[in-house]
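Engineer: Sequence:
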Amino acid sequence: MTPDAFIRTWSGNPLSERSSAQAHFIALCGLLGVEPPSPTTAGRFEFEKGAAKTTGGDGWADVWLKDAFAWEYKKAKADLDAAYAQVQRYAPALDNPPLLIVSDTQEIVIRTAFTGAVQERHDIAIEDLRGADARDLLRRAFQEPRSFRPRRTRADLTEDAAATFADLALRLRQAGHDAPVVAHFVNRLVFCMFAEDVRLLPEKMFEKMVFASDPGTFEENCRTLFAAMAHRGGRVGFTPIPWFNGGLFDDDAALPVDAGDIAMLRKAAKMDWSQIDASLLGTLFERGLDPGKRSQLGAHYTDAAKIMQIVEPVVLRPLKTEWDAARATIAAALEEERAASAEAATTRAAAKAGAATRRANRAHDRATRAHLGFLERLRGVRVLDPACGSGNFLNLTLTALKDLEHRANLDAEAMGLPRPAPSVGPECVVGIELSPYAAELARVSTWIAEIQWMRRNGFEASTDPILKPLGTIECRDAVLAGDGTPAEWPEAEFIVGNPPFLGNKRMIAELGEDYAKALRAAWPDVPGGVDLVAYWVASAWRAVEAGRTRRVGLVTTNSIRGGANRSVLAAPAEAGAIFEAWSDEPWTVAGAAVRVSMVMLASPGEATPESGAETPRLDGREVDRIAADLTAGLDLTGAFRLEENERVCFQGVKFVGRFDVTRELAADWLKAPKNPNGRPNSDVIRRYVTGNDLTKQRPAERWVIDFEADRTADEASFYEGPFERILSEVKRGRDTNSRKSRRENWWKHGELNRGMRSALGDLDRFIVTAEVSKHRAFLWLDHGMLITGSIYAIARDDDTTFGILHSRFHEAWSLRMGTFLGKGNDPRYTPSTTFETFPFPEGLTPDIPAANYAGDPRAQAIADAAADLNHKREAWLNPPDLVRRVPEVVEGYPDRLLPIDDTAAKELKKRTLTNLYNARPAWLAGLHARLDAAVAAAYGWPEDIAEDDALARLLELNRERSGQ
DNA sequence: CATCCGACACATC
DNA sequence: GATGTGTCGGATG
Numbered sequence: 001m002t003p004d005a006f007i008r009t010w011s012g013n014p015l016s017e018r019s020s021a022q023a024h025f026i027a028l029c030g031l032l033g034v035e036p037p038s039p040t041t042a043g044r045f046e047f048e049k050g051a052a053k054t055t056g057g058d059g060w061a062d063v064w065l066k067d068a069f070a071w072e073y074k075k076a077k078a079d080l081d082a083a084y085a086q087v088q089r090y091a092p093a094l095d096n097p098p099l100l101i102v103s104d105t106q107e108i109v110i111r112t113a114f115t116g117a118v119q120e121r122h123d124i125a126i127e128d129l130r131g132a133d134a135r136d137l138l139r140r141a142f143q144e145p146r147s148f149r150p151r152r153t154r155a156d157l158t159e160d161a162a163a164t165f166a167d168l169a170l171r172l173r174q175a176g177h178d179a180p181v182v183a184h185f186v187n188r189l190v191f192c193m194f195a196e197d198v199r200l201l202p203e204k205m206f207e208k209m210v211f212a213s214d215p216g217t218f219e220e221n222c223r224t225l226f227a228a229m230a231h232r233g234g235r236v237g238f239t240p241i242p243w244f245n246g247g248l249f250d251d252d253a254a255l256p257v258d259a260g261d262i263a264m265l266r267k268a269a270k271m272d273w274s275q276i277d278a279s280l281l282g283t284l285f286e287r288g289l290d291p292g293k294r295s296q297l298g299a300h301y302t303d304a305a306k307i308m309q310i311v312e313p314v315v316l317r318p319l320k321t322e323w324d325a326a327r328a329t330i331a332a333a334l335e336e337e338r339a340a341s342a343e344a345a346t347t348r349a350a351a352k353a354g355a356a357t358r359r360a361n362r363a364h365d366r367a368t369r370a371h372l373g374f375l376e377r378l379r380g381v382r383v384l385d386p387a388c389g390s391g392n393f394l395n396l397t398l399t400a401l402k403d404l405e406h407r408a409n410l411d412a413e414a415m416g417l418p419r420p421a422p423s424v425g426p427e428c429v430v431g432i433e434l435s436p437y438a439a440e441l442a443r444v445s446t447w448i449a450e451i452q453w454m455r456r457n458g459f460e461a462s463t464d465p466i467l468k469p470l471g472t473i474e475c476r477d478a479v480l481a482g483d484g485t486p487a488e489w490p491e492a493e494f495i496v497g498n499p500p501f502l503g504n505k506r507m508i509a510e511l512g513e514d515y516a517k518a519l520r521a522a523w524p525d526v527p528g529g530v531d532l533v534a535y536w537v538a539s540a541w542r543a544v545e546a547g548r549t550r551r552v553g554l555v556t557t558n559s560i561r562g563g564a565n566r567s568v569l570a571a572p573a574e575a576g577a578i579f580e581a582w583s584d585e586p587w588t589v590a591g592a593a594v595r596v597s598m599v600m601l602a603s604p605g606e607a608t609p610e611s612g613a614e615t616p617r618l619d620g621r622e623v624d625r626i627a628a629d630l631t632a633g634l635d636l637t638g639a640f641r642l643e644e645n646e647r648v649c650f651q652g653v654k655f656v657g658r659f660d661v662t663r664e665l666a667a668d669w670l671k672a673p674k675n676p677n678g679r680p681n682s683d684v685i686r687r688y689v690t691g692n693d694l695t696k697q698r699p700a701e702r703w704v705i706d707f708e709a710d711r712t713a714d715e716a717s718f719y720e721g722p723f724e725r726i727l728s729e730v731k732r733g734r735d736t737n738s739r740k741s742r743r744e745n746w747w748k749h750g751e752l753n754r755g756m757r758s759a760l761g762d763l764d765r766f767i768v769t770a771e772v773s774k775h776r777a778f779l780w781l782d783h784g785m786l787i788t789g790s791i792y793a794i795a796r797d798d799d800t801t802f803g804i805l806h807s808r809f810h811e812a813w814s815l816r817m818g819t820f821l822g823k824g825n826d827p828r829y830t831p832s833t834t835f836e837t838f839p840f841p842e843g844l845t846p847d848i849p850a851a852n853y854a855g856d857p858r859a860q861a862i863a864d865a866a867a868d869l870n871h872k873r874e875a876w877l878n879p880p881d882l883v884r885r886v887p888e889v890v891e892g893y894p895d896r897l898l899p900i901d902d903t904a905a906k907e908l909k910k911r912t913l914t915n916l917y918n919a920r921p922a923w924l925a926g927l928h929a930r931l932d933a934a935v936a937a938a939y940g941w942p943e944d945i946a947e948d949d950a951l952a953r954l955l956e957l958n959r960e961r962s963g964q
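Quick note on numbering: full-length UniProt numbering labels position 855 of the first sequence as 855, and the sequence is numbered without any gaps.
You may find that some hints are simply not true.
Unchecked claim - Here are the simulated lysine-lysine pairs, BS3-like style, with alpha carbons at most 30 angstroms apart:
#1 774 to 740
#2 674 to 774
#3 352 to 517
#4 823 to 909
#5 77 to 66
To be verified - Label pairs and their computed distance ranges (CB to CB):
#6 956 to 95: 40 to 46 angstroms
#7 427 to 156: 29 to 35 angstroms
#8 731 to 754: 21 to 27 angstroms
#9 12 to 82: 20 to 26 angstroms
I should point out that these hints are in silico values taken from the structure, not numbers from a laboratory.
Beta carbons: idealized from backbone N, C-alpha and C, even for Gly.
Please model the complete structure; the sequences and the hints are all you need to start from.
Structural biologist: Structure below.
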């Protein structure tokens, strides 16, 4: 068929009956050269999709092509909007096709419906089909529907909109208005823009007002509009204005603006606010509006995927299970109704027929009750986000609940029950938020999410009033009440959210000492050393234990798995209540250097004999049980510190002030004449190393002034150069230090490390490892070398201990027992949990002098392998042909290792321990394999023992030795 | 007094 | 600006 023929046939020939719609579609397929639906395409490409739904009337769509479009015909152009609403409503039953198409044959309107993308509309008039462009466009709808995906995402749109308004807010504040007033005003403007773009405000009223205003009239015009919105029956001129409420328009306050502000508003008013992403908008605005948060642009909103990773298992999964049960009840009841009706129709005896009819009616009632009962239950659901911010979790939860209700209604309709209007609304989501800006944004964005959902699914948003007050989003502290007790949370079946992370050591600085103290006092069961987020976990668990809450899902820092933080997960883990967890997820928001865990708790009473307990899932895999450190399988959280390992591993010194000096200055002091007390400066000048020097970079030559623990200020003052330096560089800072001993002992290092200094004593060498390091490596340092707090020293000089520590067994143990830091999630060595709990092989423990086991062949084998490893590794780090040894300017200090020339320097720069272990060349692997074998033999294990097996045996040894 | 941690901090590409 | 990888000192027990 030619385009001309097609147009001749159909032009001015609107549909007379349903069958001619199919004729039109088949003819169109012919024009486009695509196959029309046929019996062979059933299940993929069909006419009258969903016609089986038994309420009569239309099917879900007149034509449906899976994963491409839903297509609805209407006889008259005027009905096309109704047709669109219909395909929107049934989209979930049609697998959410990306294109929604409506037509009256004279016109074809294609609307895109891609998740997360802005919506686009393509109108094709019948005459357009003469042109190849229109035909290509339509053909693409069949063949490449994905190509319609708009480039611009709703996130892009929202960021633009939010950026414009953040600028406006900043300008208004710079003009001298208070931040809360600005926030309230700007929120109103935002809602006006949204409202007019979804036609809740008539006739582009706000945009017209902005374009008609100048700095002299804008404020007054705003007041007029706001006042009209605040009451039922309000008007602007002759135009009636719908009633907005919700606290946002409770008065007519507006702010004066200047010409620049108006230019900005005009730009913003032209954007399509109907499609902004409500959950993002809140966060982006919060940054712009809250003066305290402007500095942390790039802050932490939880992305939608992460939120659903929590909302799905915590809220939706149990509710879907309930709906499945209700649906089964409905299906059975309706089956019974059909059987009884059939019986009534075929039974002659009036009494019997009457009984059958009554049975049919009762069965129908049962089905209806199951359906409506579920809906009522859904309306009664309360989901609490006790740190809701601007409402990301609440928005997405509300949308998901509405999706579930809609899905249930479509299911019920397909089974033959009437489909009620959606009734789940914003009152189902409950929030607590400390920041007034954020709380108001949460309320506004929740309403926007509600209205958008209704529109997207083909329903009218409720009006009169358009907004209802959302007292369910409270502005207050969620963990500490005014009377110094833990804050109470509203009753909620489900709790979700992303509470604030604030490290324990930063709480006083950020929240004030009084608050931090009061918070800790309010939670006596929570140890003082926890992150702020831990109080939300503790509070949520209290709600579960009290039977007030069924399920909880929270985002926390991944530090929740270790240290003091872990204690808040101990009780839930003990009760077997952690039903799902993601132990260590990257954080997708740029700029936030953190990794997170997601922890989901279920009331232990939730498992019923019928439903059984849900199999726990850790990191997406089914496991038997999840421990407090968010691991499954072997639970190492119960390992104890071993007495035999105590007083061996020490953290290095912390200077607290500029005690370090350049090599040049140190050399000058060392070469200087003896001091008035007859002593050389070498008494108080030392070399030191930091973690970087061990692993990441070539060791720098670092020098530090060290008056040690026992020199008085008077005694120290005789070391003239160094003492003057401390006076000028350190004292001032120390005078204001919060700790008395640091103020008073300003010439001494912040920590005196008496324990370490005495343990190292006169050992010729000692073992060190970097606190945080990608690879758990151990090295030797010479006597006299000072280490900083980013290094741990092990006060042993024997190769056997070195070898045991450097074996894969101690490495595996330290990875499980230690904690992690940062985006790269590098492991951190924590002596009390990684070293002191580690059971050395019998007879080779750190409380035994090495000399005592020198004759033990097990010790000897380890020592040989360890010495060999160290020797060859040193030779790689400092090849003799690239490095020359130069004596220090005075005696008593280690030789300097200098590159022989520039080429050597360049090569040496690459020779760092981290680079070596990143590459892990064969020779190194071989040396480690030999060492591992010797250590395995010392434990009496097979050489190729699996890591899990070895860890289990280490745990067993730990239990024996600690007497547990 | 000693250990632990950082909605990190900073050097480097 | 993304990437890689470990500082430093306050705060708690």
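Engineer: State for each hint whether it applies.
Structural biologist: Hints versus structure:
1. 774 to 740: 37 angstroms, violated
2. 674 to 774: 45 angstroms, violated
3. 352 to 517: Status violated; Cα separation ~78 angstroms.
4. 823 to 909: 25 angstroms, holds
5. 77 to 66: 26 angstroms, holds
6. 956 to 95: 40 to 46 angstroms: Given about 54 angstroms between the Cβ atoms, the range is violated.
7. 427 to 156: 29 to 35 angstroms: This hint holds: roughly 32 angstroms between Cβ atoms.
8. 731 to 754: 21 to 27 angstroms: Roughly 23 angstroms apart at Cβ, these two residues keep to the hinted range, so it holds.
9. 12 to 82: 20 to 26 angstroms: 22 angstroms, holds
Checked against the numbered hints given earlier, this structure breaks hints 1, 2, 3, 6; the rest are met.
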